[in-house]
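Visitor: As a plain string of letters, each chain reads:
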Amino acid sequence: MMIWPQDYPPDCPCSDSSDVRGKVYRLVKHNPPSSDDFIPSPTPCQTDKYGDPECINRGISICNTYDGIIALRKDYKPFEKLRIAEGELTPEMGKMKRTFIHRKSHYTWWVPEKCDPSKVFVVIEHE
Amino acid sequence: MIFHSKFREFGALRVVEVYDYYDRPLMLTLKNELGHLFLAKLADIEDQVGIWLYLPISEERYLQFRSGGIDTYTVFKKPEIPSVYLVKISETSSEDFYACVSISPEDIPDDYLPVPGSFLEIDTMTVTQLEPVSVKVKQLNRVLLRLKLYFENIRRTEAPAKTLGELLINVQDILNSIGQALKENMAITGPFPQSIVTSNEMMVGAIGPGSFQIDLISSRLPNVLGESEVDIAIKEFVELIQIGNDSDRLQEKLRTLHLRVAGKYLSFLEKMSDQMIKTDVEWSTPMMEHSISASMTRKTAIDAATIIKRSVDSEITNIDMVGTLIGANLRNHEFEIENVNEEKITGKISDQALNRVEGAILGNVYGFTIRTTTSIKPLTGETGTRYELIKLDIPK
Chain Z
-6 MMIWPQDYPP DCPCSDSSDV RGKVYRLVKH NPPSSDDFIP SPTPCQTDKY
44 GDPECINRGI SICNTYDGII ALRKDYKPFE KLRIAEGELT PEMGKMKRTF
94 IHRKSHYTWW VPEKCDPSKV FVVIEHE
Chain S
974 MIFHSKFREF GALRVVEVYD YYDRPLMLTL KNELGHLFLA KLADIEDQVG
1024 IWLYLPISEE RYLQFRSGGI DTYTVFKKPE IPSVYLVKIS ETSSEDFYAC
1074 VSISPEDIPD DYLPVPGSFL EIDTMTVTQL EPVSVKVKQL NRVLLRLKLY
1124 FENIRRTEAP AKTLGELLIN VQDILNSIGQ ALKENMAITG PFPQSIVTSN
1174 EMMVGAIGPG SFQIDLISSR LPNVLGESEV DIAIKEFVEL IQIGNDSDRL
1224 QEKLRTLHLR VAGKYLSFLE KMSDQMIKTD VEWSTPMMEH SISASMTRKT
1274 AIDAATIIKR SVDSEITNID MVGTLIGANL RNHEFEIENV NEEKITGKIS
1324 DQALNRVEGA ILGNVYGFTI RTTTSIKPLT GETGTRYELI KLDIPK
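First to last, the protein sequences are chains Z and S.
Position 110 of the first sequence, counted from 1, bears residue number 103 in the numbering used here, the numbering being contiguous throughout.
Just so we're on the same page, the numbering used here is the position in the second sequence counted from 1, plus 973.
Quick caveat, the hints were computed from the structure, so don't treat them as lab data.
Incorrect hints may appear among the rest.
[As the list claims (entries may be wrong)] No more than 27 Å apart at the CA atoms, straight line, and that leaves these computed lysine-lysine pairs for DSSO-like:
no. : chain 1 : residue 1 : chain 2 : residue 2
1   : Z       : K70       : S       : K1061
2   : Z       : K70       : S       : K1051
3   : Z       : K67       : S       : K1050
4   : S       : K1004     : Z       : K42
5   : S       : K1004     : Z       : K70
Being a predicted model, the structure only gives us computed values, none of them experimental.
Generate the whole structure from the sequences, applying the supplied hints.
Guide: Okay, structure coming up:
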């Protein structure tokens, strides 16, 4: 059974999220990735379209395709110096849900306590 | 941070929609208390200060952008008014800082934007919602037939003009042909009698969202009993859609409605299966409590069209004639001859005649045995003839 961080609001992760699994991608500052690369942002998500904004804010963004993370990095200058890290996720590593669906590959990942995502991610390249 | 509580330039902003997100919103639409829209995009971050592009945008332009009609690069570089705001806001809530300056679109650095050709693709209603059919018929005191057309790859309330025009003609023709069949005026071809045209005429009343909705309303008011001649034609048309690709029911229905209806309905089905994923229809009259609806997918339309187009060989005869062999394609097994009346006949070469044709000379006169097969499409009445070359000889 997964234990979630204490600052999660009730009913978080979202009830329509599913177990994480498969290859995913994240933009990271460090090589190798550190735990700092997997901290949720303090910036409010500003919408309740995908669920409780407080809950969405507790998750971190990942893309489920390499092309998706490349496109995201190209479209936003603040990301151009970040590296692409790839990780293979397994169900005990948390929950995920497709959010902000206009970017087709974007998911929100809720990471349980005692899970260190940096241990399963590897920087693959910097274009 | 995305916007500052002390913004003077924009008023009190609230978020309309977040398009792009990676741990935080990256591109979104905002609206102030006057209803003015702004498209905001994160351009850069320098020393804990976020740099945003804020673009005033009209409702129409916003809908175009949202539905993929304009790419992100163009919407900022070629805005409706030649001014974009460069807004700097501290990234941390502990720093109370913002700065805002108006810049010319040409001065936006290219690396603040995605490359040209990067589109949003969100299904977008670009016209206002229509009233429910059962409500509208009482408002108008007319019969109403609502078509909801789902075109492939179209995300705004738009429809290709030619296809839409042809489809509307199809629908009117179906109604006219049903009206004609019901009056037992059995002409299969030629213009519809004026009385039929007048009593079944439909007018385009309104356009609505939901892919593409179009309201057709009867041009004539109902009689004192609240009835219109076109009621029955529409009822039959909607029943055809409801029947879908049920072969037995479709054939039975079209037999009772007459050949001309089958032909017109076939044209409608072929148009539907060409460019549309689905069609919904809904109709009502001022006297009806509720509307009646039906739906058809592309696959069902294709199946129904196939049923209607089935042909039956009705007559097979062998004809002997003398003529000139003017063409022969041995690879495709095709021939062309000109008979003594200078009529050209084309068709297939049978296997039994192939060897003889191989040795024949184009331009020479021969005796031919041609198998003629006449077929008829029972539901449309269309006939066709196929020719097959059975035998070729030197003429006696």
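Visitor: Checking one constraint from the list: CA of Z/K70 to CA of S/K1061, max 27 Å. Satisfied?
Guide: Holds: Z/K70 and S/K1061 sit about 15 Å apart, inside 27 Å.
Visitor: Hint check: S/K1004 vs Z/K70, CA-CA at most 27 Å. Holds or violated?
Guide: Distance of about 25 Å is within 27 Å: holds.
Visitor: Taking 27 Å as the top limit, are the C-alpha atoms of S/K1004 and Z/K42 close enough?
Guide: holds, 17 Å
Visitor: Is Z/K67 close enough to S/K1050, meaning Cα to Cα at most 27 Å?
Guide: holds, 18 Å
Visitor: CA of Z/K70 to CA of S/K1051, is that 27 Å or under?
Guide: holds, 20 Å
When held up to the earlier numbered hints, the structure conflicts with none and fits them all.
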